[in-house]
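Residue numbers (the working numbering), protein chains in the order written: chain A, 1 to 145; chain B, 1001 to 1652.
The hints are simulated quantities; they were obtained by calculation from the structure and are not laboratory data. Each residue gets a CB set at the ideal place from its N, CA and C atoms; glycine is no exception. There may be inaccurate statements among the hints.
Said to hold, decoys possible - The calculated label-pair distances, taken between Cβ atoms and stated as ranges, are:
(1) B/L1375 <-> A/E66: 38 to 44 Å
(2) B/S1077 <-> A/S64: 35 to 41 Å
(3) B/T1575 <-> A/E119: 25 to 31 Å
(4) B/D1604 <-> A/T50: 36 to 42 Å
(5) A/F17 <-> B/N1392: 22 to 28 Å
(6) A/N31 <-> B/V1543: 46 to 52 Å
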Amino acid sequence: MTPKRQKRLYIILAIVFGTSLAVGLTMYALNQNINLFYSASQIANGEAPTDARMRVGGMVVDGSLERSTDSLRVSFELTDYENTVKVVFTGILPDLFREGQGIIAQGKMDTQGAFQADEVLAKHDENYMPPEIAESMKPKKEVAQ
Amino acid sequence: MIPELGEFALILALGFSFILAVIPLYGAATLNTLWMDYAKPLARAQFTFLLISFICLGYAFANDDFSVQYVANHSNSQLPIEFKLSAIWGGHEGSLLLWAFILSGWTLAVSLFSRGLPLDMLARVLGVMGIIATGFISFLLWTSSPFERYLPRFPADGADLNPLLQDFGLIVHPPMLYMGYVGFSVAFAFAIAALLSGRLDAAWARWSRPWTNVAWAFLGAGITLGSWWAYYELGWGGWWFWDPVENASLMPWLVGTALIHSLAVTEKRGVFKSWTLLLAIFAFSLSLLGTFLVRSGVLTSVHAFASDPERGFFILVLLLLTIGGSLTLYAFKAPNVKSESSFGWLSREMLLLINNVFLVVMAITVLLGTLYPLLIDALGSGKISVGPPYFNALFVPIMSLLALSMGISGAARWRQTSVAGLKKQLLVPAIISLVVGIIFPFIYGDGFNFRVFLGMTISTWVIATTAKEFKDKFRNANSITAKLSQLTPSYYGMMLAHVGVAVVAIGITLVSTYSEERDMRMAPGDKIELADYQFEFKGAKKVKGANFTADEGTIEVTLEGEPVVTLYPQKRHYTVKRSMMTEASIDAGLFRDLYLAMGEPLGDDGAWAIRVHYKPYVRWLWLGGLFMALGGILTVFDKRYRKKSTGEVAHA
Chain A
1 MTPKRQKRLY
11 IILAIVFGTS
21 LAVGLTMYAL
31 NQNINLFYSA
41 SQIANGEAPT
51 DARMRVGGMV
61 VDGSLERSTD
71 SLRVSFELTD
81 YENTVKVVFT
91 GILPDLFREG
101 QGIIAQGKMD
111 TQGAFQADEV
121 LAKHDENYMP
131 PEIAESMKPK
141 KEVAQ
Chain B
1001 MIPELGEFAL
1011 ILALGFSFIL
1021 AVIPLYGAAT
1031 LNTLWMDYAK
1041 PLARAQFTFL
1051 LISFICLGYA
1061 FANDDFSVQY
1071 VANHSNSQLP
1081 IEFKLSAIWG
1091 GHEGSLLLWA
1101 FILSGWTLAV
1111 SLFSRGLPLD
1121 MLARVLGVMG
1131 IIATGFISFL
1141 LWTSSPFERY
1151 LPRFPADGAD
1161 LNPLLQDFGL
1171 IVHPPMLYMG
1181 YVGFSVAFAF
1191 AIAALLSGRL
1201 DAAWARWSRP
1211 WTNVAWAFLG
1221 AGITLGSWWA
1231 YYELGWGGWW
1241 FWDPVENASL
1251 MPWLVGTALI
1261 HSLAVTEKRG
1271 VFKSWTLLLA
1281 IFAFSLSLLG
1291 TFLVRSGVLT
1301 SVHAFASDPE
1311 RGFFILVLLL
1321 LTIGGSLTLY
1331 AFKAPNVKSE
1341 SSFGWLSREM
1351 LLLINNVFLV
1361 VMAITVLLGT
1371 LYPLLIDALG
1381 SGKISVGPPY
1391 FNALFVPIMS
1401 LLALSMGISG
1411 AARWRQTSVA
1421 GLKKQLLVPA
1431 IISLVVGIIF
1441 PFIYGDGFNF
1451 RVFLGMTIST
1461 WVIATTAKEF
1471 KDKFRNANSI
1481 TAKLSQLTPS
1491 YYGMMLAHVG
1501 VAVVAIGITL
1511 VSTYSEERDM
1521 RMAPGDKIEL
1531 ADYQFEFKGA
1541 KKVKGANFTA
1551 DEGTIEVTLE
1561 GEPVVTLYPQ
1571 KRHYTVKRSM
1581 MTEASIDAGL
1591 FRDLYLAMGE
1601 PLGDDGAWAI
1611 RVHYKPYVRW
1621 LWLGGLFMAL
1631 GGILTVFDKR
1641 YRKKSTGEVA
1651 HA
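Based on the sequences and whatever the hints tell you, model everything.
Next up, the structure:
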């Protein structure tokens, strides 16, 4: 092997090694930080884990919003037209949050079966429905109609 | 009538771009000067008709022509005129028209500022850009024409522009960003032209460099503006969300950063040629991918206002053709590319290569995090999202390593450098930055903090090594002023951009560590204290704007009894769209921002949910971003880019 070739080989080996290290770390970080999406029915059926962070999405049930009088604590129910799940959140709700609107909450299930959200997302277009919600509700809505 | 004229102009532009895509390229392949000469006038014609088309759409907006669907959906007679005009790119169809228009603008610019460029090179570059334009204008005409009518019955008034977009940010952010995205098409076209002609020398790098630097600068400025806009407009004080669409703009920027450095080495040393070509191809491909992600609605994102699978499919095909076609060409032609010199293990070339690898690895990790949810979904294994912790976990270490080797590469010499020499150069900056890193958290914060230590050390490192390098330029200079004017604009640009990196890093570190925020229920007369500031809520009243009504809160801010400022955050209700919008009120400063936003009214006693933020050094994020962009622009003013270089081509 000529010295030039040898040098090239080392460079390639270094790049391959570096890249695989990066990819390995990336996959590790990815697995630690993905949030699975669950619908209200999946939670009712006990499919959702109780200790992991996840996302839950659905429509806010009309008349379910309750506000605490002395703090920013709110609770509301999310439905996929089959089951509902209670969501508890402390903080300021997004502008587009309202009853009857599709939203996504991020957080954990607590032991009482309520979802403790640390983030509530409503999309910025009132006609827009997050694809996850649309899909999780599709079969049920047809039954309901 | 006017909208039809616009559509017709668009069809004519498509015709010209198609001819531009065929004739000059064929002429270059057969060495037919006459056919190559067509490139310039065709570029001009294409630009003219896209300009007409663009003006026609602007005319429809300005005159409230609600028989045009796009205008009816994105405007309203009550909308202030500046937003009517910027609503041109407030939706899918119009922003694509802007895309095509900017592309034709870049094409025109290349045809105008190319006196040093050999004719066949120019013909090829413009031809490749013609191919891209053909793809995009067809996309516009077939799937998303902004000129379609609501006939015979059209609405009396428009549906109004999304309130989030009724802002100065919309006027400047998309055009800047698109200038960057589309600007990489020039770098791409130069790369393809080099592959086609087989000529890839220092002269080629010199032609391609200013275009790439400018595109990179625009993209950086666009991202910076977007971050600033999101910060004040979305009402919750975040400045980067790792949202798929943000990632879509960050990826080409990262690869573009690698590209401008690799191009510099190609020009100066004649190495890294194939790598440069590959980066140019990827930078533009990622720009297209960004357009695809934003426009197809495949990802859940704040930017996904509307989605249409057919459009997504069209862009996907365009994307696959671009990447597939250019990589095939690359596979056949790149092996012929020869390096013109060699370099040692420890040299500036090698360090720049390492920097390049870091940047590309970062782009790949962002790409992975962005596309992973799509991949999992396509495999049918559930709906997931990848959270910011993933990106932060990778971004911080990779960028720290990058900053470390940035400092070293500035001190290293081309070709070969010695460890002893590097030590001598870097010892003082290393000590300074470690000391600053250790002391800063004690002085500014209340104790040692590893994140602050890391952030401040690497930022100081970058600044100190840059300053040292700058100072060393004067070691043998007789007169400082003479030396100052002797240094090229691109050298100053580089210094400025590198300092910008450090300024951004300081901003990120400090704002993400020392920010304080509270969401509070506040009745009139309530006070809270945050970071030594006192905030007193005086109550809210109704106010009226051009196309909205609002509840406006009054909050007095004092610091140790002294009044600082009175802030008026609003909760707006846009009457036409019937939607709510939070308008934050910000007291901006170089060292801290006070950020107030209103949530919702609570109860009968006039109480509101109020969000109070104290954000130290948040402005540094955007300041640093602007430094980098300005640095990129400065590089273009080098004299060597303007001199006629045909004579040098042969031996370069």
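Verification of the supplied hints:
no.: 1; hint: B/L1375 <-> A/E66: 38 to 44 Å; in the structure: 39 Å, holds
no.: 2; hint: B/S1077 <-> A/S64: 35 to 41 Å; in the structure: 38 Å, holds
no.: 3; hint: B/T1575 <-> A/E119: 25 to 31 Å; in the structure: 30 Å, holds
no.: 4; hint: B/D1604 <-> A/T50: 36 to 42 Å; in the structure: 39 Å, holds
no.: 5; hint: A/F17 <-> B/N1392: 22 to 28 Å; in the structure: 25 Å, holds
no.: 6; hint: A/N31 <-> B/V1543: 46 to 52 Å; in the structure: 50 Å, holds
Going down the numbered hints, you'll see the structure goes against none, and every one checks out.
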